[in-house]
Structures are given as C-alpha cells and as structure tokens.
Amino acid sequence: MKKTHVKTNDVIFQPVTKVVAFIIIIYSLHLFFSGHYTPGGGFIGGLMTAAAFVLLLLAFDVKTVEKTLNVDYIKMTATGLLIAVLTGLGSFFYNVPFLTQTFSYVDIPLLGKTALATAVLFDLGVYLVVIGVTMTIIQTIGETE
Amino acid sequence: MFKLVMTISLIIVAISTLLYVYRLVKGPSTPDRVIALDAIGINLIAITAIISVVLNTSAFVEVILLLGILAFIGTVAFSKYLEKGEIIENDRDQ
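For the protein sequence lines, the chains are A and B, in the order given.
Heads up, the first sequence stops at 145 in the UniProt record's numbering, and the numbers go up one at a time, no gaps.
Heads up, the second sequence stops at 94 in the UniProt record's numbering, and the numbers go up one at a time, no gaps.
Each hint should be verified, as a subset may be incorrect.
To be verified - Okay, derived cross-link-like pairs now, DSSO-like style, lysine-lysine, Cα gap no bigger than 27 Å in a straight line:
hint: 1; chain 1: B; residue 1: 26; chain 2: A; residue 2: 18
hint: 2; chain 1: B; residue 1: 80; chain 2: A; residue 2: 63
hint: 3; chain 1: A; residue 1: 63; chain 2: A; residue 2: 75
Unchecked claim - What follows is a set of in silico ranges between Cβ atoms, one per label pair, in the way DEER data are often shown:
hint: 4; chain 1: A; residue 1: 98; chain 2: B; residue 2: 84; range: 46 to 52 Å
hint: 5; chain 1: A; residue 1: 117; chain 2: B; residue 2: 84; range: 26 to 32 Å
hint: 6; chain 1: B; residue 1: 82; chain 2: A; residue 2: 91; range: 50 to 56 Å
hint: 7; chain 1: B; residue 1: 70; chain 2: A; residue 2: 82; range: 56 to 62 Å
hint: 8; chain 1: B; residue 1: 61; chain 2: A; residue 2: 66; range: 30 to 36 Å
hint: 9; chain 1: A; residue 1: 105; chain 2: B; residue 2: 93; range: 33 to 39 Å
hint: 10; chain 1: A; residue 1: 101; chain 2: B; residue 2: 18; range: 44 to 50 Å
hint: 11; chain 1: B; residue 1: 18; chain 2: A; residue 2: 19; range: 53 to 59 Å
hint: 12; chain 1: B; residue 1: 24; chain 2: A; residue 2: 85; range: 43 to 49 Å
hint: 13; chain 1: A; residue 1: 79; chain 2: B; residue 2: 18; range: 46 to 52 Å
hint: 14; chain 1: B; residue 1: 24; chain 2: A; residue 2: 81; range: 40 to 46 Å
hint: 15; chain 1: A; residue 1: 38; chain 2: B; residue 2: 28; range: 19 to 25 Å
hint: 16; chain 1: B; residue 1: 91; chain 2: A; residue 2: 115; range: 43 to 49 Å
hint: 17; chain 1: B; residue 1: 60; chain 2: A; residue 2: 72; range: 45 to 51 Å
Simulated from the structure, these hints should not be mistaken for laboratory data.
Where a beta carbon is used, it is the ideal one built from N, C-alpha and C, also for glycine.
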C-alpha cells in the first residue's frame, strides 16, 4: 500500500463519527429487540453493531479502538455460542425436547405487561457471534501491513 | 389518482438511477464513480420508500435507515482509500 507522510486532520469526519456511531448502535439494539414481532433480529442487529465499530475503525485507528472498546472478539464469539447452547440445554430441566422455546407475560414496573420469550436469549447468542466473527475478520485484515 | 402519482415518481426515480448508472460506467475518474454509487444508494432509499407506500406496509421502514447507514459507511471507506491508500490504519501517530 502506498503511504503518504502528510498529517491529515479529519476535523469534520471524527466529530460526525462520534455522533453517528451512537445512533447506529441504538438502531442496532432496536433491530435486535424488535426481532420477535417486526423485521429485525440477532443477525441484522449484530451486523449493524459491527458497522458502528467499523465506522470507528475508519475514523480512528485500530489501536485507539482496541483501547477504547477493550473487547476480545474471539471470546465474544465463544460466549455467544455458549449462550445459544445453554438456552437449548435449559429445556432438558422441564422434560421437553432440545431447543424448545417458551414465553410468558410478566408485569415489569414502568413497562407494564410484557411478553418475555426465551427465544431472545438464543438471539443474544446469535447477536454476539455475528459481532465477534465480523470484527475478527475485519480487524485481522486491517492489522496486517 | 394517488397510485398514479406514486407510479410516476417511481418512474422518474428509476430514470434518474439509470442516468447515474451511465455516469458509473462512463465516469472518467474514480471519484465520479464513487459519487455515482452514493447517489444510486440514495435513489434506492427513495424507491424503497415509494414501494412501501404503494404496498401499504411499514415493514420496509427499517430498510431505509439501514441503506442510509450502509451508503454512508461505504462512501467513507471508498474516499479514505482514494485519499490515503489504506482504509483501516494500524496506528495513526507513526
């Protein structure tokens, strides 16, 4: 790669990134939690969170983002897989087949009557795996000189 | 009447997208092509919005914001490659 040794000053790009990254992360959380009744879910939510991280990588450099976020993406992938398997194994305690999902209505203060489904926990595993795999691929490619 | 207006605007946006595709193919320099791609992304957002009005559904509303974010990140990555030669830097203070 050609390297120019001119110091650049991204005086518009970096402040815009600081605002837009938060909007993208909030949007990805909205996509993740709305996956049960409207379009969305763990996969596209994870991809959008990874997109916010990629925008941070574009505006700053790999070392700064690693210092700021401080997450090990390979461990994140492992945690996601573990959560997905454990929600499947949890069905064995109730004498039902593997990966059986259930839901119930719970009265939560502030939110009122809310349907809590165990499928969200499985989706959380998918979410973490998608972020971990995407960021591992992008960071491994970006780090090599 | 309403459907006619929607169809006419859809045709106009489609023609404008075709003209951007001409600029994408013909464009003498790479920045021309990058800007044409960005504008095609914005036109795609318009097409999605019009089609979701025609089909009378709100299921595509999330796609609109998604396309906006992806077009922004893609354009920024392209322009950073054109300016610096690398997209993700390892350490800026070198």
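Tested hints:
1. 26(B) - 18(A): violated (36 Å)
2. 80(B) - 63(A): The given pair, whose Cα atoms are some 18 Å apart, holds under the 27 Å limit.
3. 63(A) - 75(A): holds (19 Å)
4. 98(A) - 84(B): 46 to 52 Å: The hinted range 46 to 52 Å holds for residue 98(A) and residue 84(B), with Cβ atoms some 51 Å apart.
5. 117(A) - 84(B): 26 to 32 Å: About 46 Å separates the Cβ atoms of residue 117(A) and residue 84(B), which means 26 to 32 Å is violated.
6. 82(B) - 91(A): 50 to 56 Å: holds (53 Å)
7. 70(B) - 82(A): 56 to 62 Å: Given range 56 to 62 Å: violated, Cβ gap about 30 Å.
8. 61(B) - 66(A): 30 to 36 Å: Hint holds: Cβ distance 35 Å, inside 30 to 36 Å.
9. 105(A) - 93(B): 33 to 39 Å: violated (54 Å)
10. 101(A) - 18(B): 44 to 50 Å: With a Cβ separation near 47 Å, residue 101(A) and residue 18(B) satisfy 44 to 50 Å, so the hint holds.
11. 18(B) - 19(A): 53 to 59 Å: violated (34 Å)
12. 24(B) - 85(A): 43 to 49 Å: This hint holds: roughly 46 Å between Cβ atoms.
13. 79(A) - 18(B): 46 to 52 Å: holds (47 Å)
14. 24(B) - 81(A): 40 to 46 Å: holds (41 Å)
15. 38(A) - 28(B): 19 to 25 Å: Violated: the Cβ-Cβ distance is about 45 Å, outside 19 to 25 Å.
16. 91(B) - 115(A): 43 to 49 Å: At roughly 48 Å between Cβ atoms, residue 115(A) and residue 91(B) fall inside 43 to 49 Å, so the hint holds.
17. 60(B) - 72(A): 45 to 51 Å: violated (37 Å)
Going down the numbered hints, you'll see the structure goes against 1, 5, 7, 9, 11, 15 and 17, while the others check out.
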